[in-house]
Amino acid sequence: DGGITQSPKYLFRKEGQNVTLSCEQNLNHDAMYWYRQDPGQGLRLIYYSQIVNDFQKGDIAEGYSVSREKKESFPLTVTSAQKNPTAFYLCASSAGRAGELFFGEGSRLTVL
Amino acid sequence: GQNIDQPTEMTATEGAIVQINCTYQTSGFNGLFWYQQHAGEAPTFLSYNVLDGLEEKGRFSSFLSRSKGYSYLLLKELQMKDSASYLCAVRDVRDYKLSFGAGTTVTVRA
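From first to last, the protein sequence lines stand for chains P and Y.
Our numbering puts the first residue of the first sequence at 1, with every later residue one more than the last.
Our numbering puts the first residue of the second sequence at 113, with every later residue one more than the last.
Hints are computed from structural coordinates only; laboratory data are not their basis.
Treat the hints with care, since some could be wrong.
[To be verified] Dumping the calculated DSS-like pairs for lysine-lysine here, alpha-carbon to alpha-carbon at most 30 Å: (1) Y:209 with P:71; (2) Y:209 with P:70; (3) Y:193 with P:9; (4) Y:169 with Y:193.
[What the hints assert, rightly or not] Going by beta-carbon spacing under 7 Å, a handful of chain P positions derived as facing chain Y: (5) 3; (6) 41; (7) 43; (8) 97; (9) 100; (10) 103; (11) 105; (12) 106.
[What the hints assert, rightly or not] Chain Y regions said to be covered by chain P (calculated; three or more residues, Cβ under 8 Å): (13) 126 to 133; (14) 136 to 146; (15) 165 to 178.
All C-beta atoms, glycine included, are put in the ideal place defined by N, C-alpha and C.
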């Protein structure tokens, strides 16, 4: 079945370490997105990509990095520069920039 | 940018109707989405409005007034499984980014 796969589902990291969250989609969607969700807050956009080899910063890109070398893959790296990385991270994709978003199951990152 | 407001919590009885309001301010509107999110899970798409009026889809309906910067999601014949967070999201015409409100947690009681 088509969908979006995020891994790992749960991740623990020590302060000062970088960590990479995987996001893979087989929906043949052009656009992919990374959102962060904190309790009591809406989803906040970290990075998005509307085409392979191109991506743009969202509203809270500081301390994060991404790449889009393949259409189906959009990994997110949470670097040690991110001051408060503990959160629920959601990857999404859409057929075009105006389409609805389809979300992965999320990755919950906890910094110890 | 976007400024999206929706109530934090609502409680209703099984079988009843609940209306979740969403107001927004944007310099370039290009559509409004409603998503449902159960605790610890991914959001799932419920409805999309880009023109004024009511969109009905089974027990769920969504209304939009662009001139008022206002939308609502109507949930009818509430079931226990409808207990979830409901997210309002607005798309910006300039960059097609989708911005989300903080969500409304609906609790359905027997």
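Results for each hint:
Only pairs whose Cα atoms come within 30 Å are accepted, and residue 209 (chain Y) paired with residue 71 (chain P) is accepted, the gap being roughly 19 Å. Of the pairs offered as hints, the one joining residue 209 (chain Y) and residue 70 (chain P) holds, with about 21 Å between alpha carbons and a cut-off of 30 Å not exceeded. Only pairs whose Cα atoms come within 30 Å are accepted, and residue 193 (chain Y) paired with residue 9 (chain P) is accepted, the gap being roughly 24 Å. Proximity of residue 169 (chain Y) to residue 193 (chain Y) is assessed by CA-CA distance (about 17 Å); at most 30 Å being required, the pair is judged to hold.
For residue 3 (chain P), the interface hint is violated, since its Cβ never comes within 7 Å of a Cβ in chain Y; the closest pair sits about 10 Å apart. Evaluation of the residue 41 (chain P) hint against chain Y yields a held restraint, the C-beta minimum of about 6 Å falling below 7 Å. Restraint check, residue 43 (chain P) versus chain Y: the minimum CB separation of about 4 Å is within 7 Å; hint holds. The interface hint given for residue 97 (chain P) is met, as the beta carbon of that residue sits about 4 Å from the closest beta carbon of chain Y, less than 7 Å.
Taking 7 Å as the C-beta contact cut-off toward chain Y, the hint placing residue 100 (chain P) at the interface holds, the least distance being around 5 Å. For the restraint placing residue 103 (chain P) at the interface with chain Y, the shortest Cβ-Cβ distance is roughly 4 Å, inside the 7 Å limit, so the hint holds. The restraint placing residue 105 (chain P) at the interface with chain Y holds, with a minimum CB-CB distance near 5 Å, inside the 7 Å limit. This hint holds: residue 106 (chain P) has a C-beta 6 Å from the nearest C-beta of chain Y, less than the 7 Å allowed.
Counting residues of the segment 126 to 133 of chain Y whose beta carbon lies closer than 8 Å to any beta carbon of chain P gives 0, which falls short of the minimum of three for the stated coverage. Proximity of the segment 136 to 146 of chain Y to chain P, defined as three or more residues with a beta carbon under 8 Å from a beta carbon of that chain, is established by the 3 residues found. Counting residues of the segment 165 to 178 of chain Y whose CB lies closer than 8 Å to any CB of chain P gives 0, which falls below the minimum of 3, so the coverage claim is violated.
The structure fails to meet hints 5, 13, 15 from the earlier list, while all remaining hints are met.
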